[in-house]
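Engineer: Listed below are the residues making up each chain.
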Amino acid sequence: MKWGCDMLLQQIVNGLSIGSIYALMAVGYSLIYSLMNFTNFAHGVVVTLGAYFGFYSLTLLSPNIAVAFIVALMFGGVVSSIIELTTYRPLLLKNSKRSYLTIAGLGIQIIVENLLIIMLGGRFKTYPLALFNTGSINFFGSNIGVIDLYILLISIFLLILVELYVNCTKNGLAIRSAAYSTDIASIMGVDVDKLMIKVFFLAGTLAGIAGYFLGIKYTAYPQLSVLSNKAFISAVLGGLGSLTGSVVGAIILGLLETFVSGYISSSLRDIFSFGLLVLVLLFRPTGIMGKSSEDKA
Amino acid sequence: MNEYIIGIIALTGIQLIAMLGVSLLSGFTGLFSFGHAGFMAIGGYVSALSVKYLQIPIFCGVILGVLAATLIGIVVGYPALRLKGDYFLIATLGFGEAVRQIIEYANITGGAKGLPDVAKAFNLPTILLIDILVIILLVNFLRSTHGRNCIAIREEETAAQAMGIDITKYKTISFAISCALAGLSGAMMAHFLQYLHPAMFGMPISNMLIITVILGGLGSITGTILATCILVPLPELLRIENIQSWRMVAYGVIILLIVQFKPSGLYGYKELTFKQIKKYIANLKMRLNRRRKSFD
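Note that the protein sequences, when read in sequence, are chains Z and R.
Last residue of the first sequence? That's 297 in my numbering, and every number before it is there in order.
Last residue of the second sequence? That's 593 in my numbering, and every number before it is there in order.
Next up, chain R with everything else stripped away, as it sits in the complex (with noise of 0.2 Å):
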């Protein structure tokens, strides 16, 4: 494999952390952030930042990116999460918008021009093993009572209450999580990519985000997989003119064909397990076989 294509398995890697967590956020608890580049921004100079001042271990480094994220995530959302609808939307979009001007502002930062020289760290077994460290985390804590009482809200916040959920300590959870494996995403992607832009966690990158986890369908980890492994590298392999906008056009013509036909996603409140995929084999075999009769 030459360092290309090691490069494009590597950052949708990277990107799928953020994809999960947006996933468990509006996928398992029904809430919808269009900030949630802001939490992989924080995570992503956190990190950076704290490597080359404070001389610490990239490891270090990358764990306070996750811990800044988080404990600002929590510190907004708590206040915020009590909105309801449109204004937690707004809320977070306006965090989002506002976390990227700070870094454009400030000189530390390195402002618009961005910050160069992030020390090197991950290569593309790291990331992956992480991936499937998080996946396996996602899972259990989705099985979990925590999980299902994160669900539960999703289909009824009112019953969901009257059952004896704390709607808003729940809700606060799935947003930690979210805003930590975002931080996580953002100081995997400074040190893999040795280089930190504000342009990187704009408002397009928060739109993609919720996006692509809405194609794959809400409420759906191997769908949010699925469509992270697709729609990410795809612009990388089909390079046209223009590929960025024309993407962005594809995106926004799915979004609405999708809220408009099928709005649980593509697989949406459903996983793909391998006993599926072995039912679908052996259904595949089956057929096969009784043509073959029929043709004898």
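Here chain Z stands alone, though its shape is the one from the complex (with noise of 0.2 Å):
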């Protein structure tokens, strides 16, 4: 353990990383937050999907890993679609209660998660790394991986194209209005049915390329779909239903799991996450930059 300037700014390097991965997840829910007011627990489905999309498009499909990036990008949207056609459509037109939607997420995320015990076993895919340059940039003294370094800045590229998209487009007018009310919204001429497609579309992507991205990192298994747990952790830190909130929050759980790892113990990172989890909530529901907690429950 070695407290020196090389190994904090290799930490950073490492902390941005995997919180620009969680805001990517983040964002999804978000999103989809700011529209219907719930938690979309199905979410980390798509995430662990992308990451076998990934793994298997590299090994069945082609060892490209830009191939490997859009199948993920896609497949992330279509599935994010499709659940929210055939589970979340029909309740919300029944208009049943909010936690039914979150309890039929979590529905999903079981089936999906078992499923893919059964079918492609409980074992570790490991993505072929030979086709990643897994080397390190001497920067300073300290040792940044290039994989880190990639992700890090795709991310930054993808979350500013959202934001630009919701911030600058007819469509981000339309998600912006809609998040406000989503009755008004209707009167004033936006198909909500459609938006929402779209919405859980770009969510899906956002979190099909997040699963690839933990692919590379670690690997795909069944149970990846827990790291989403930190995403919506993020989530709830920077205020659910605010898109510069979750990134923000995104960033800081990512800079404080990798310090708790790096300088205390990788045991206890976890404990930290959920930790400040129910703090947030006790002490400031609404996050750094939600709106209050009354408009939205």
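Treat the hints as calculated values from the structure; they're not laboratory data.
Don't be surprised by glycine CBs; every beta carbon is placed ideally from N, CA and C.
Please note that the accuracy of each hint is not assured.
Okay, the calculated beta carbon distance ranges per label pair [said to hold, decoys possible]:
#	chain 1	residue 1	chain 2	residue 2	range
1	R	Leu364	Z	Phe124	38 to 46 Å
2	Z	Ser136	R	Leu554	44 to 52 Å
3	R	Arg544	Z	Pro128	57 to 65 Å
Build the complex from these two chains, which are given one at a time in their own frames, with help from the hints.
Structural biologist: Written as structure tokens, this is what we have:
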């Protein structure tokens, strides 16, 4: 355990890289929460499937990193849209309680996780890392992994794209108005049903990419969706429903986790993150940038 | 009866106690907790460790475990219950995971290796006796003013508040009772199995608690009992490959179907009483007689 400056820089890049993956997932949680006021528990499923799609694209389809990226992205979006259409849409039409939507999402997560175990086995699927540049760059005496750097840069690029999409396009305007009130937005001529599909697709693509990155960084395994809990913590930390907030929350969580596991103990990492979640909910349930909880509940 | 079947029945009886706690919280107060396995863990570990290190009788250890689960439940619940909707659910989920992680990390609990050599107690008759006691107490609670207040909160929070019901107080009471029952269940499990492991109290267990209660029917004690008696022993009886995974897949599918088509669950908001059973049998006899007459 070193406290030196080179170690610190390395930790920061590590933290930012894992934080940016959390951010990709957290943005999905936040987008859906801001529209429909419920937590999409099936989001983690898309992340897990994204990791598997990436793995099978690399091993069966073609050993091309970019192709696998596109496959994970597209299939993530498609799976997420299917979940919306088949599960959430009928429930929303029936005006079910919000907690039933959450429970349905949990049901999907349980089904997919266990089907993966049955069909593909519970073992870890290691990505063919020879395809990736696993080297590291020496930067002021500290070794920074090339993969971490790429993940960080691509994630930042994607997050900027999402921010631009929400703030500068017509669809983005529709999303923002629907987040204010779906009823008023639909009176104003926004097709909320179509918009929801679009939002779920967008959230799904980001989740698919996040899954692909997680697959590269760790491996693909059925319980990968556990990591989406971390993204969820980030979204709550930053304020559910706020895009910028969830990115900030994800970066904070990523850095915190890396520092805890780097300087204290890696087995304490998860206690810190879940403890942080409980503390945030107890003392500031709206998060750093969230709306007041009265509006959202 | 051989030992294996007795073991299954006993475990079902032990889990039933936790299920009844979750049933009170979700079915009668309308709060969904995804972290009740955490309270089972607290009850189990506190009881097992206090008996092991403080040399107190097992009975006192169990009571200590229940008290610990209740107290921690109140401490966590008091602020968390002020959160609305999803936030409460998320807070309990985070709590449950945090408890499991702490148990895995700590030394005294045996960490991820588990805690062997827990003192042996509880046999089948005692477990069933405790089950019956818990059911009687719970039914009495639900028939009292306090229970009715909880049900009023489930039906319509704002209206309940307007009628002068202290919502946070009754939510806390309901949460504390469900935590106590979870703790009791965990403590009994520890002393019955003589072994504890963090994985026994992971998120799948929390999920199973809430799923069983929803399947049995929200707002129905008999529904919860029936669902527990069917769902808990089922995987033991059907021993096929990957049974645990298939069971969870089936649970997931059933959950989706129930939420979609019968959100109140199989026996929602109704109780199965002896009167009904008698009526049903009488009805059946009448129909049989009629059919017999028509044959003649």
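Engineer: A separate judgement is required for each hint: does it hold in the structure or not?
Structural biologist: To see whether the hints hold, each was checked on the structure:
For R:Leu364 paired with Z:Phe124, a C-beta distance near 42 Å keeps the hint of 38 to 46 Å intact. Here the CB-CB span from Z:Ser136 to R:Leu554 is close to 51 Å, well matched to the stated 44 to 52 Å. For the pair R:Arg544 and Z:Pro128, the beta carbons lie near 34 Å from each other, so the given range of 57 to 65 Å is not met.
In this structure, only the earlier hint numbered 3 is contradicted, and the remaining ones agree with it.
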